[in-house]
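If you read the sequences in order, they're chains A and B.
As numbered in the numbering used here, residues 1 to 55 make up the first sequence, in order.
As numbered in the numbering used here, residues 1 to 418 make up the second sequence, in order.
If you are wondering where the hints come from, they were derived from the structure by calculation, not from laboratory data.
Heads up, some of the hints might be wrong.
[Said to hold, decoys possible] If you want a taste of the chain B side facing chain A, the calculated C-beta under 7 Å gives, among others:
#1 Phe123
#2 Ile128
#3 Phe137
#4 Leu169
#5 Asn172
#6 Ile179
No residue lacks a Cβ here, since even glycine has one placed at the ideal position from N, Cα and C.
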Amino acid sequence: MFPFSFEWVWDIGHMIFFGGLWYAVGILSAGMIYVILKAAWDTMSESINNSGESH
Amino acid sequence: MDSALIPEGAKRCSLPKFSIGMAIVGAVLLWGVWAMFLCWFKGLNQTNMNDYYGFALWIWADLAVIAVGGGAFFTGMLRYIFNIKELKNIINFAVIIGFICYSSALLILAIDIGQPLRGWFIFWHANIHSMLTEVAFCLSCYFAVLTIEFIPNILENRQANKVPFFHHLAHNMHGIMVIFAATGAFLSFFHQGSLGGVAGVMYGRPFAVREGLLIWPWTFFLFTWSAAAYGPSFTLLVTKMTEVITGKKLVKDNVVHLLAKISGWMIVTYIIAKIIDTIYWAYVTAPSLGFKLSHFYTDNSFYGYWILITEIVICGIVPGAILVIKSTRENPTLRLVAIILGTIGVCLNRWVMVLQIMAVPVMPFDTWALYIPSWQEVATTVLPVAYGIMLIALAYRYLPVFPQEKELNSVKPITESE
Chain A
1 MFPFSFEWVW
11 DIGHMIFFGG
21 LWYAVGILSA
31 GMIYVILKAA
41 WDTMSESINN
51 SGESH
Chain B
1 MDSALIPEGA
11 KRCSLPKFSI
21 GMAIVGAVLL
31 WGVWAMFLCW
41 FKGLNQTNMN
51 DYYGFALWIW
61 ADLAVIAVGG
71 GAFFTGMLRY
81 IFNIKELKNI
91 INFAVIIGFI
101 CYSSALLILA
111 IDIGQPLRGW
121 FIFWHANIHS
131 MLTEVAFCLS
141 CYFAVLTIEF
151 IPNILENRQA
161 NKVPFFHHLA
171 HNMHGIMVIF
181 AATGAFLSFF
191 HQGSLGGVAG
201 VMYGRPFAVR
211 EGLLIWPWTF
221 FLFTWSAAAY
231 GPSFTLLVTK
241 MTEVITGKKL
251 VKDNVVHLLA
261 KISGWMIVTY
271 IIAKIIDTIY
281 WAYVTAPSLG
291 FKLSHFYTDN
301 SFYGYWILIT
311 EIVICGIVPG
321 AILVIKSTRE
331 NPTLRLVAII
341 LGTIGVCLNR
351 WVMVLQIMAV
361 PVMPFDTWAL
371 YIPSWQEVAT
381 TVLPVAYGIM
391 LIALAYRYLP
401 VFPQEKELNS
411 VKPITESE
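Required output: the full structure, derived from the provided sequences and hints.
Structure below.
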């Protein structure tokens with residue numbers, strides 16, 4: 001599964017199969033990390049703005 | 001009692017009535033769970049699978065739910081990548097159906113492998129020469145995509161949406177949904193295809209084997225195409241069933257007509273390709289391997305030419321024609337007939353490609369091997385259906401699944417002239 005695994009071989013089969021897997025996993029993870037961080041940022045910005053307006 | 005959770009402006013049945021319905025379906029679910037635990041604790045001797053049938057009812061159910069669940073990836077692709085705006089009114093439901101189908105497929109596989117604690121071996125000790133490894137990779141990743149696509153709808157629940165972080169998270173996820181939808185379409189293309197490819201590369205099974213393009217047999221493309229064609233029909237069928245059960249109109253006719261039209265054209269093009277494939281296989285591929293067409297459809301008590309005619313003509317050409325012609329497509333009864341036939345057609349295709357393959361004799365001393373599943377297999381196959389009904393019921397009750405529901409079911413004020 002990983003290049004450091006004892007079964008790993010640097011051949012075209014491993015590169016295509018696992019390249020595809022890590023490509024998909026990478027996009028999904030990056031996308032989710034981005035939306036979670038942006039949601040946290042938006043929430044904090046909103047709360048700061050709201051507290052600013054109340055003073 | 002739970003009115004604070006119900007979407008604003010939506011009317012739902014009382015909680016006791018809802019609970020009774022859930023309890024009835026829950027009893028069926030528990031029957032399936034009991035059979036599942038029997039298979040896990042006592043082993044696959046609980047099934048009627050044998051040396052002929054290493055793939056049996058479960059794998060048919062697995063392939064069938066994946067095929068009909070194809071409506072999620074195809075509708076998602078049309079909505080987010082081709083930007084067909086009308087489909088925003090049905091995409092939530094398509095995603096929920098896809099989520100149910102793919103989680104069911106993974107559950108069935110978890111039972112089928114007999115030793116679920118070793119399920120992770122397929123990733124860690126991957127056999128890179130197996131199409132099923134690709135299927136496992138894509139299936140798991142695509143299930144993650146469907147979960148991601150389902151999350152915003154859950155976060156839009158009336159109470160969850162009051163939490164600022166959840167509100168922003170749902171909004172931001174909608175914002176980049178095109179990326180997730182594109183990844184889902186990429187993954188679906190390969191796993192739907194590879195499920196067909198598994199049949200097409202079985203050189204020892206002349207009923208299944210096909211020529212193809214490079215490493216991909218024609219069944220690879222036919223499976224992807226059929227899932228994209230019939231999946232939307234299944235989405236429309238479940239939508240119609242939900243409308244009948246709830247007694248409400250949930251999606252406007254123009255949306256239904258559009259999705260039915262797209263499904264119809266996909267079915268027509270698919271069935272032309274399927275007919276060409278079948279003729280080439282019957283007159284070139286099978287004879288080159290020493291078999292006549294009649295060998296696959298005679299001398300047994302079940303598999304006759306009727307199954308070929310049913311799949312291609314009754315459940316292929318007929319629904320395709322109904323959905324393509326405007327007047328028949330817009331007739332609610334004919335449209336319902338077409339989407340039912342279409343759903344049966346794709347399930348029948350998967351049955352043929354999983355179970356008829358196993359039944360056909362290959363060696364001169366072989367006979368037809370027919371198979372009847374055990375009650376444990378039936379119960380575990382019914383289990384995902386019960387689970388699906390419960391999840392749809394919960395989602396419909398507590399989530400804003402259908403954006404047009406409020407508009408379509410608003411009570412009109414009584415005017416003086418009335």
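A quick look at each hint next to the structure:
Annotation: interface hint on Phe123(B) holds; nearest CB of chain A at approximately 6 Å, less than 7 Å. For Ile128(B), the interface hint holds, the least distance from its beta-carbon to any beta-carbon of chain A being 4 Å, beneath 7 Å. Restraint check, Phe137(B) versus chain A: the minimum CB separation of about 5 Å is within 7 Å; hint holds. Satisfaction of the interface hint for Leu169(B) is found here, the shortest Cβ-Cβ separation to chain A being roughly 4 Å, below the 7 Å cut-off.
With 7 Å as the threshold, the beta carbon of Asn172(B) comes within range of chain A, its nearest partner Cβ sitting at about 4 Å, so the hint holds. Taken as an interface hint, Ile179(B) checks out: its beta carbon lies about 5 Å from the nearest beta carbon of chain A, inside 7 Å.
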